[in-house]
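*Asks:* Protein chains in written order, with this note's numbering: chain G, 1 to 324; chain F, 1001 to 1326.
Just so you know, the hints here were simulated from the structure itself, not pulled from any lab data.
Quick caveat: nothing in here was measured; it's all calculated off a predicted structure.
All residues carry an ideal CB built from backbone N, CA and C; glycine is no exception.
Fair warning: there could be bad hints in the mix.
To be verified - What follows is a list of derived Cβ distance ranges for each label pair:
| no. | chain 1 | residue 1 | chain 2 | residue 2 | range |
| --- | --- | --- | --- | --- | --- |
| 1 | F | Gln-1193 | G | Gly-182 | 41 to 47 Å |
| 2 | G | Arg-320 | F | Gln-1315 | 49 to 55 Å |
| 3 | F | Gln-1315 | G | Ala-286 | 38 to 44 Å |
| 4 | G | Met-91 | F | Asp-1299 | 27 to 33 Å |
| 5 | G | Pro-165 | F | Cys-1195 | 54 to 60 Å |
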Amino acid sequence: METIRFGQAIGKALGDAMRADPRVFLLGEDIGAAGGPFGVTRGLHKEFGAARVRDFPISEAALVGTALGAALCGWKPVAEIMFMDFCTLAMDNLVNQAAKAHFMFGGQSAVPLVVRTPHGGGLNAGAQHSQCLEAWFAHVPGLTVLCPATPADAYGLLRSAIASPNPVVFVENKSLYARKGGIEADPQPIPIGEARLVREGTDVTVVTYGASVYAAEAAVRKAAEEGIDLEIVDLRSLQPWDEKTVLASLAKTHRLVIFHEAVEAFGIGAEIAARMADVGFDELDAPIVRVGAPFMPVPYSPALEREYLPNEDKLMAAVRRVLL
Amino acid sequence: MAKNPAPGAAQDSALLLNCYREMLRIRKSEQRLSKLFADSEIPGFIHLSIGQESVPVGISAHLKRDDTVAVTHRGHGQALAKGVPLAGFFAEMMGRDTGICRGRGGSMHIADAGVGMLGANGIVGGGIAIAVGSALAHQLAGAGNLAVCYFGDGALAEGVFHECINLAALWSLPVLFACENNGWGEFSRTDTQFCGSLEKLGAAFGIGYRCADGLDVLAVHATAADLVAGIRATSRPMILECKVERFHGHYEGDPQKYRDPEELKALEAKDPLAKAHAKLLALGLEATLLEALAAEIDDEIEAAVAAARAAEVPQFAAAKADVYAS
Chain G
1 METIRFGQAI GKALGDAMRA DPRVFLLGED IGAAGGPFGV TRGLHKEFGA
51 ARVRDFPISE AALVGTALGA ALCGWKPVAE IMFMDFCTLA MDNLVNQAAK
101 AHFMFGGQSA VPLVVRTPHG GGLNAGAQHS QCLEAWFAHV PGLTVLCPAT
151 PADAYGLLRS AIASPNPVVF VENKSLYARK GGIEADPQPI PIGEARLVRE
201 GTDVTVVTYG ASVYAAEAAV RKAAEEGIDL EIVDLRSLQP WDEKTVLASL
251 AKTHRLVIFH EAVEAFGIGA EIAARMADVG FDELDAPIVR VGAPFMPVPY
301 SPALEREYLP NEDKLMAAVR RVLL
Chain F
1001 MAKNPAPGAA QDSALLLNCY REMLRIRKSE QRLSKLFADS EIPGFIHLSI
1051 GQESVPVGIS AHLKRDDTVA VTHRGHGQAL AKGVPLAGFF AEMMGRDTGI
1101 CRGRGGSMHI ADAGVGMLGA NGIVGGGIAI AVGSALAHQL AGAGNLAVCY
1151 FGDGALAEGV FHECINLAAL WSLPVLFACE NNGWGEFSRT DTQFCGSLEK
1201 LGAAFGIGYR CADGLDVLAV HATAADLVAG IRATSRPMIL ECKVERFHGH
1251 YEGDPQKYRD PEELKALEAK DPLAKAHAKL LALGLEATLL EALAAEIDDE
1301 IEAAVAAARA AEVPQFAAAK ADVYAS
């Protein structure tokens, strides 16, 4: 087991995929010699050259559309959208084109396209550089949405995303790029759609993903001080999501809190809560509670953003509620 | 074939006859679609390209099977000219399981990967980046193929078009931007929507531009020959603008109350198919030969329609199970 940073694990997955398959290439703004705004693609331009690590003009619609056109011709492009907020400029190509090509063309076409993009706050980057918009994409039939928390998962899921014949939105929480974690010497792809049981516990299931996994882990000790044993499930894959694992955990703890950084209203948590209220109704000993960001734009000032972001204290308040 | 061929005339008439056959096949297919739509055998929206057939016929004559095209919502002609087979085409329009997209796409979302037709598009300008992306694929593959990006004048004000001409020029991508300019963006005259010039836009990006009379198939054919050869030789993008006329409404059933009745009446004299027909006769072709050609196409279309009528409708469960590729 080696130690690697989250951002480096993504870069390693890109490099390994490119070495393994000459059809894999990268497109994105400033990803070439500059190495990307967060350094994720550093070194790849030098190894693979400008033809396979392509600096793209600031044209997000053309970025995703061009990648899609190449994917329809059998190439495996990995496009980077510098901030998830900028996906708005590429929505037609993601939602109307990429997501639907396989289905609406009668299954003729595979769409081996990956769009990597960082989400999340904590950097005081303000309302247009901090959003968590993954629920939009999880709502679109045809798209796969992944959001890893650990370097190992980032590596393994990105390898699976690149190998997938379907368009994948690969979401990276930007506060995680520098975070270190273990990775096997010969890491393998991780199947899409399988959650990771972060911690076994008996009292309350916390379903989470992305950077919120670490806030949930931080809550474990606080909970223990109150005699509460948390079970933590990291979804990793949002579309499809691992209903079986969540249901099995609920069947054990009978209490469910869903915890994410994205705005709570109409979010990923709403879908999970609705499904568990349906298929898990008999298992529930308490209302399902969601903890997400309040329904407001991400504010800039550190004083405001601190209060905006979900944290372990807000999670603990919810945990106490389901144990009342 | 010809009664008294003049020197060079035999070649001209053979070329024109080939183009005429393709145009007639598109025209008759769309007239059949129009009738099927009126008879409620085709649901939804269809947008006919009657009057615009010269453009894809003149361009496709120079394309190889592995060259790619992305076509518009008014793209039946562009699709058929690239080689989409009639049987699968009609079955798709009629929502059958034997349709080329198994009845899931319809007129606005038909594609045929087997002939490099990457898809029609329900979004104005929606195929532009896809065509440019396929040109990137051709550049990466290095086999000398090119992409044709069809769009209408209505797409000229779409942002993605401007992003894509910049990219194609910046990266020297082998793509022909082919504008069928029929003067109408849906229900509005283009001059009320777009105040730029495609030629000047091309010049601003260093992209070669040619304009052809889209009502004259030989003019399109000759201009496209130069442009396609130029793209293959230089891997530089080029723009071809063809002035055409939209004979039918924006969508089939559109009463076109926004158009001057005089303008509509004047269209008849501009019909590119009638022009080609008259020219063939003038070149000495027998009228009976052209009639036989028309009958042959009618038979092919009727066989396609009959097969589609007899075909199964798609099963919901199979469609639902195929949202993702496996």
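*Asks:* Indicate, hint by hint, whether the structure satisfies it.
*Replies:* Checked hints:
no. : hint                               : verdict
1   : F:Gln-1193 - G:Gly-182: 41 to 47 Å : violated (58 Å)
2   : G:Arg-320 - F:Gln-1315: 49 to 55 Å : holds (51 Å)
3   : F:Gln-1315 - G:Ala-286: 38 to 44 Å : holds (43 Å)
4   : G:Met-91 - F:Asp-1299: 27 to 33 Å  : violated (46 Å)
5   : G:Pro-165 - F:Cys-1195: 54 to 60 Å : violated (43 Å)
Violated hints, in rising order: 1, 4, 5; the structure is consistent with all others.
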